[in-house]
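K.L.:
Based on the sequences and whatever the hints tell you, model everything.
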Amino acid sequence: MLKLIEQPRYSCALGAQQSVIAIKRAVPILHSGPGCGDKINRLLGQGEGYAGGNTVPCTNASESEIVFGGEQKLGNVIEGAFKVIDADLYAVLTGCTSDIIGDDIGQVTSAYQEQDRPIVYVETGGFKSNNYVSHETVVKAIIDQYVDKFKKGTDKIKGLVNVFATVPYQDPFWNGNLEEIKRILEGIGLRVNILFGAESGGINEWQSIPQAEYNVVINAWAGLGIAQHLEEKYKTPYIHFPYLPIGGEETTKFLRQVAEVTGIDRSYTEAFIKKEEEKFYMHIERMADFILEFRYGLPRRFYTILDASYGIGLSKYLLNELGILPAKQFIIDDTPEEFQEAIQEQFNKISSLRSAKVSFNTDAGAIQEEIRKDDHKHRALIVGSAWERDLATEIGGDLLILSVPVAYRLVLNCGYAGYNGGLRVIEDIYGKVLDTYR
Amino acid sequence: MNPLGYEVDYIVPFSTVAQLEHISEAAATIQICSTLGTYIGAALEQVYGVPEIKSPPAYGIAGTDRWMREIGRVLNRQGEIEEVIAKEHERVLPKLEEYRNKLQGKTAYLTAGAAHGHALIALLQELGMTVQGAAIFHHDPIYDNGDVVSDALAHAVNTYGDVPNYNVCNKQAYELVNILNKVRPDIMIARHGGMTMWGAKLGIPTLLIGDEQLSFGYQGVLNYAERILESLDNKEFVINLAKHSTMPYTKWWLEQDPFSFLRSDLDVKTY
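Note that the protein sequences, when read in sequence, are chains W and L.
All residue numbers for the first sequence refer to the numbering used here, where the first residue is 1 and numbers rise by one.
All residue numbers for the second sequence refer to the numbering used here, where the first residue is 1001 and numbers rise by one.
The hints are simulated quantities; they were obtained by calculation from the structure and are not laboratory data.
Bear in mind that the values here come from a model prediction, so they are computed numbers and not experimental data.
Mixed in with the good hints, there may be bad ones.
[Unchecked claim] In silico lysine-lysine, DSS-like type, Cα no more than 27 Å apart, as pairs:
no.	chain 1	residue 1	chain 2	residue 2
1	W	253	L	1235
2	W	328	L	1235
3	W	279	W	432
4	W	274	L	1251
P.N.:
Written out as structure tokens, the structure is:
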């Protein structure tokens, strides 16, 4: 039976073009129809960056490529890209049409790989997966086809870790989150390959991936495959923290887990945690009277319409540190079934006092309908996307836009992870709440 | 009041001068805060003969009954008022019983001004809770009309029993912290800002009643019970805050008698 999915909150597999764009001086080369890249950029992208958006080279494959094959045109576009775009890494990504007709992009690209050009290829035809999954596929391809060849060595560097957290651009706050994660991991004495965004060392960092002592996966499920691949390939063990740590409690828990597994100096770690917690809770203490005493209405229940990593992390934070009670939580990332039980378990023990209801649903239209039907006796906070704006108005609730499409906010280095991110969450929620106060 | 055929003019905030021109012609004056409402109520009665409803404001079932009957008496509508009372009892009492079962034996500490503080003491006891003490900002049981009928504290004590640790203080946070630390109630209820922090920092669920209308009348008892249950349930925030917050008061002070700075050699009684 046909099923309509209204308002999916992710893109097709080709969305992984944004993961390439998130690497400094890397550029995707699309072998897809005209418009695919642009559509993804409109949903996920905010700003073209170095060579994203309309700068991305594309074969604009249409009738003649589909009828007669597009390999030759791909070759031309790759040649052209090498000539006109100054990049450290090129990633050939396919769209649906190429994968359907079966163009051999491996054969086309390997010719350049044989000349030691920094180029990789991945089949990301839209029907293969969503972009949470294809992010893994693309990163694995870069590791296998580029990193392995250009690696600086395989000897482990003491204290070096690779971090795989949220999916760049699919998480609108990816850059700020990665900056904070790098800051706190360095804070406890580690060296960090953060790999994406402003704080990364670009392609140099990628070349030292095999030398890391550990891979750190901060995600409910997306990215685990990368760590498992690296474990097989370079015998690098991995640490899995199954959600985004937000605020004092969870960030400390995360750092302690990393410190324990990596065996770094415990007292150094604890000194950093102490300093960070002191700062964090000074602010919590400072605003506690506002939370307790503001008379003109604060949200008292929350819904999250988020991916699993954010859904868990944010729910724990809103309940345990801000005292907002969970209504129902919705996970919209099309979580593979094998991971759902563990995620469910996180919601079962969301605090020491209660559990929260969660459902896995990719149909955000149906989710909105469910929320709309609830009894809205108390003011609610919705943490979702820009598409929840009308719903929030309708139920007299507040909205924190956190998931794509963000549309009504501009995100630069704002992040919600870690100690600093926790404080930003508070500012952003209550700033909007106060804005409704007349 | 509308079903009885009366129109209500809410004065003085938000009134127009034109409205105020007619207040001397009203059938009665009802005040909902003895601290702030009795002055004009008394003046209207003394100067223009507008009768003032003198019973304490309608908080709690017994309090609301008394207030309703006083209105019935002053307006000479006893029969209709009794009907309303009976109907409301039928509606509210079964629900109240459910809340009472849930709240039975829970302890509360209260800080508020005199008028609302007295009302809340009555209300909490009505709900089956134990009031472990109260810090009331001023002591004015009888107001401008000088009538003992208006004594809300006497109403609370006579109807529901005595309140231990009843303390009249001019919003002294240092005393409050000391007391809360010793009393450790299940919930602290505050009527005014600036005090809730001290309950929360000690890990005690704390409720600020910003809207005094919430608990007014028969439905108010139910509203209030619901709000208290919600506050008792929402512990995560205060547990976390207690774990991580600082305390500016010295350990020495917290071990002292909360009233040790009161000059008992003067005209002050401590207990």
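K.L.:
Determine which of the earlier numbered hints do not hold for this structure and return their numbers in increasing order.
P.N.:
As far as the earlier hints go, not one is violated by this structure.
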